[in-house]
Amino acid sequence: MKQKHDYREENGIIVLRLNGKIMGDTDDTALFSLIYQFADEGRTRVVVDFCNVEWMNSKGLGICIVGSTTLRNRGGDLKLACLPEKVRDLLNKTRMFAVFEVFDTVEEAVASFK
Amino acid sequence: MTNNFNGESKRLRKAVNELVALNNIANAINALMSVEEITRVIVDHCLKRIKAAQGAVFLLQPEEDREDRFRTFVRGFSRKDDEIPLHINAALSGWMIKNKAVLLSNDPETDKRLKGIDFARVGIYSIISTPLMTQNGLIGSLVLFNKKEADGFNNDDKRFLGIVGTQTARVIENARLREREKKLADLEEDLRAARLIQKGFLPAGDFHFMSFETSGFNIPAKDVGGDYFDIVPLDDDNVFLSLGDVSGKGLPAVFMMASAQSALRLPLQANQEIDLPGMAEALNRLICQFSNPEQFITALFGIYDGKDRSFRYINAGHEPPILFHRDGRANILTESDLLIGVLPDFKYTERHVTLAPGETIVIYSDGVTEAFNEQGDDYGLERLLKLPCDFATMSATAISATIISQIEAFRGKEAQTDDITALILRLYESQK
Chain A
1 MKQKHDYREE
11 NGIIVLRLNG
21 KIMGDTDDTA
31 LFSLIYQFAD
41 EGRTRVVVDF
51 CNVEWMNSKG
61 LGICIVGSTT
71 LRNRGGDLKL
81 ACLPEKVRDL
91 LNKTRMFAVF
101 EVFDTVEEAV
111 ASFK
Chain B
1 MTNNFNGESK
11 RLRKAVNELV
21 ALNNIANAIN
31 ALMSVEEITR
41 VIVDHCLKRI
51 KAAQGAVFLL
61 QPEEDREDRF
71 RTFVRGFSRK
81 DDEIPLHINA
91 ALSGWMIKNK
101 AVLLSNDPET
111 DKRLKGIDFA
121 RVGIYSIIST
131 PLMTQNGLIG
141 SLVLFNKKEA
151 DGFNNDDKRF
161 LGIVGTQTAR
171 VIENARLRER
181 EKKLADLEED
191 LRAARLIQKG
201 FLPAGDFHFM
211 SFETSGFNIP
221 AKDVGGDYFD
231 IVPLDDDNVF
241 LSLGDVSGKG
251 LPAVFMMASA
261 QSALRLPLQA
271 NQEIDLPGMA
281 EALNRLICQF
291 SNPEQFITAL
301 FGIYDGKDRS
311 FRYINAGHEP
321 PILFHRDGRA
331 NILTESDLLI
341 GVLPDFKYTE
351 RHVTLAPGET
361 IVIYSDGVTE
371 AFNEQGDDYG
381 LERLLKLPCD
391 FATMSATAIS
401 ATIISQIEAF
411 RGKEAQTDDI
421 TALILRLYES
431 QK
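These protein sequence lines are chains A and B, in that order.
1 is the number of the first residue of the first sequence in the working numbering; add one for each residue after it.
1 is the number of the first residue of the second sequence in the working numbering; add one for each residue after it.
Keep in mind that a hint or two might mislead.
Here are the simulated lysine-lysine pairs, DSS-like style, with alpha carbons at most 27 Å apart [unchecked claim]:
no. : chain 1 : residue 1 : chain 2 : residue 2
1   : B       : K182      : B       : K115
2   : B       : K115      : B       : K148
3   : B       : K48       : B       : K100
4   : A       : K86       : B       : K199
5   : A       : K93       : B       : K386
6   : A       : K4        : B       : K115
7   : A       : K21       : B       : K386
8   : B       : K413      : A       : K21
9   : B       : K112      : B       : K158
10  : B       : K347      : A       : K93
11  : A       : K93       : A       : K114
12  : B       : K158      : B       : K98
13  : B       : K112      : B       : K98
14  : B       : K386      : B       : K199
15  : A       : K86       : B       : K386
Quick caveat, the hints were computed from the structure, so don't treat them as lab data.
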């Protein structure tokens with residue numbers, strides 16, 4: 001079965017690529033387990049790549065926030081990259097730009113961890 | 001010749017004893033026993049028959065990457081003072097998983113197959129173990145320790161244990177299936193009860209006020225879901241409305257829904273100005289504190305006052321409500337805040353819109369806009385904005401019915417995957 005989201009490791013940083021519509025369905029909530037797994041394994045630096053995301057609702061945003069809190073509590077962080085306009089609007093509306101570090105590209109986000 | 005006869009007689013006697021022992025085990029087990037009871041009987045019989053000090057059944061845990069995949073299920077002791085602390089570690093369990101065969105060792109300390117265990121320290125001097133195999137593969141092992149005879153475990157013990165192992169696996173598998181079926185039946189009963197409770201929380205019917213009317217509906221998806229709506233008349237021309245969508249499904253979502261609804265209703269009873277941002281912040285702190293991090297709520301709630309036609313509301317991460325004018329033009333009320341249950345100190349902002357007579361507000365859950373058809377298209381906000389209603393004349397009840405029929409027609413044979421919930425607030429043209 002094709003996974004909705006995928007990830008790779010780049011110089012010790014996890015790049016988690018989200019795909020499609022992030023609206024809090026079962027594939028999206030499976031991200032919680034994935035992030036907890038990263039945290040348990042000590043892989044606490046994660047970049048979320050939004051380049052393939054069509055849109056995200058507040059539940060999807062909630063998942064990102066919980067993921068960020070989990071990783072920050074373990075000394076890491078979750079940063080966002082490549083946000084489409086609709087996701088930027090959502091972050092603006094909910095004042096979440098103050099909570100997340102956001103980058104235009106995945107490369108910039110990965111580099112920011114060094 | 002006499003020796004041959006004696007030898008044969010001895011073999012026959014042994015075989016008969018073996019059959020008797022197996023028969024005793026079969027008789028001791030009945031179909032109503034739990035998995036634990038059955039395996040205890042089997043272990044106790046094996047200890048007596050094979051004359052071992054201790055025995056246990058170990059069952060395989062599903063996780064692939066645990067160091068010790070076996071967990072002790074049942075232990076048996078032949079005498080109380082024979083109790084030995086025991087633990088099957090990676091070496092023994094690894095051998096069982098790999099070889100799936102009976103292991104007999106009367107000198108485990110030097111046995112190359114069992115590296116890494118300090119048998120002398122735990123007082124184990126002989127081991128015999130048989131795999132428990134079903135058609136799905138290895139489910140565990142039956143192990144006996146410390147034969148009470150000087151020669152240790154022998155091939156007869158190996159054969160007997162092998163036969164018992166096969167039967168034990170079958171019996172455990174059947175008992176597990178029975179237990180699983182019972183659990184499912186109990187769970188379905190719980191869900192049925194939860195659905196009834198959930199239904200009881202929702203307002204029945206539509207409401208008519210002096211200058212407006214309301215209608216609401218909730219069509220649950222197959223599982224018990226977490227959508228709710230509430231209509232609480234405050235006086236004859238004032239109403240509190242709320243619609244919430246709790247993440248997840250099943251009983252946890254129902255509990256959270258009930259908590260949220262109660263938390264929002266309580267301040268309405270106090271005879272004082274209703275502080276909507278305060279209510280949102282209190283609910284948010286409650287959910288952040290008492291639910292697990294993956295649970296959150298999107299909610300839209302507020303008060304409509306018929307005297308000045310003002311709707312004051314909080315949108316906590318919920319779908320934007322739609323204001324329909326009499327001529328069908330639609331405005332999306334886009335202002336919103338963060339959803340509930342994520343950041344405990346988030347500050348909520350009250351939003352406000354003033355309505356004109358004949359206007360309608362539709363508040364809805366994402367089960368409306370995210371209803372999918374067989375082609376994989378979602379109903380979407382665009383279709384909702386073009387709702388085929390004559391807003392000048394249709395009642396709130398009729399608007400509800402139109403939304404329901406539109407969604408059903410769009411979805412076709414595609415299954416409903418989320419609760420469909422909506423609240424309609426419709427102003428009369430003039431005061432009734």
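Hint by hint, here is what the structure shows:
no. : hint             : in the structure
1   : B/K182 to B/K115 : 42 Å, violated
2   : B/K115 to B/K148 : 24 Å, holds
3   : B/K48 to B/K100  : 25 Å, holds
4   : A/K86 to B/K199  : 35 Å, violated
5   : A/K93 to B/K386  : 25 Å, holds
6   : A/K4 to B/K115   : 43 Å, violated
7   : A/K21 to B/K386  : 23 Å, holds
8   : B/K413 to A/K21  : 22 Å, holds
9   : B/K112 to B/K158 : 19 Å, holds
10  : B/K347 to A/K93  : 13 Å, holds
11  : A/K93 to A/K114  : 30 Å, violated
12  : B/K158 to B/K98  : 19 Å, holds
13  : B/K112 to B/K98  : 15 Å, holds
14  : B/K386 to B/K199 : 30 Å, violated
15  : A/K86 to B/K386  : 22 Å, holds
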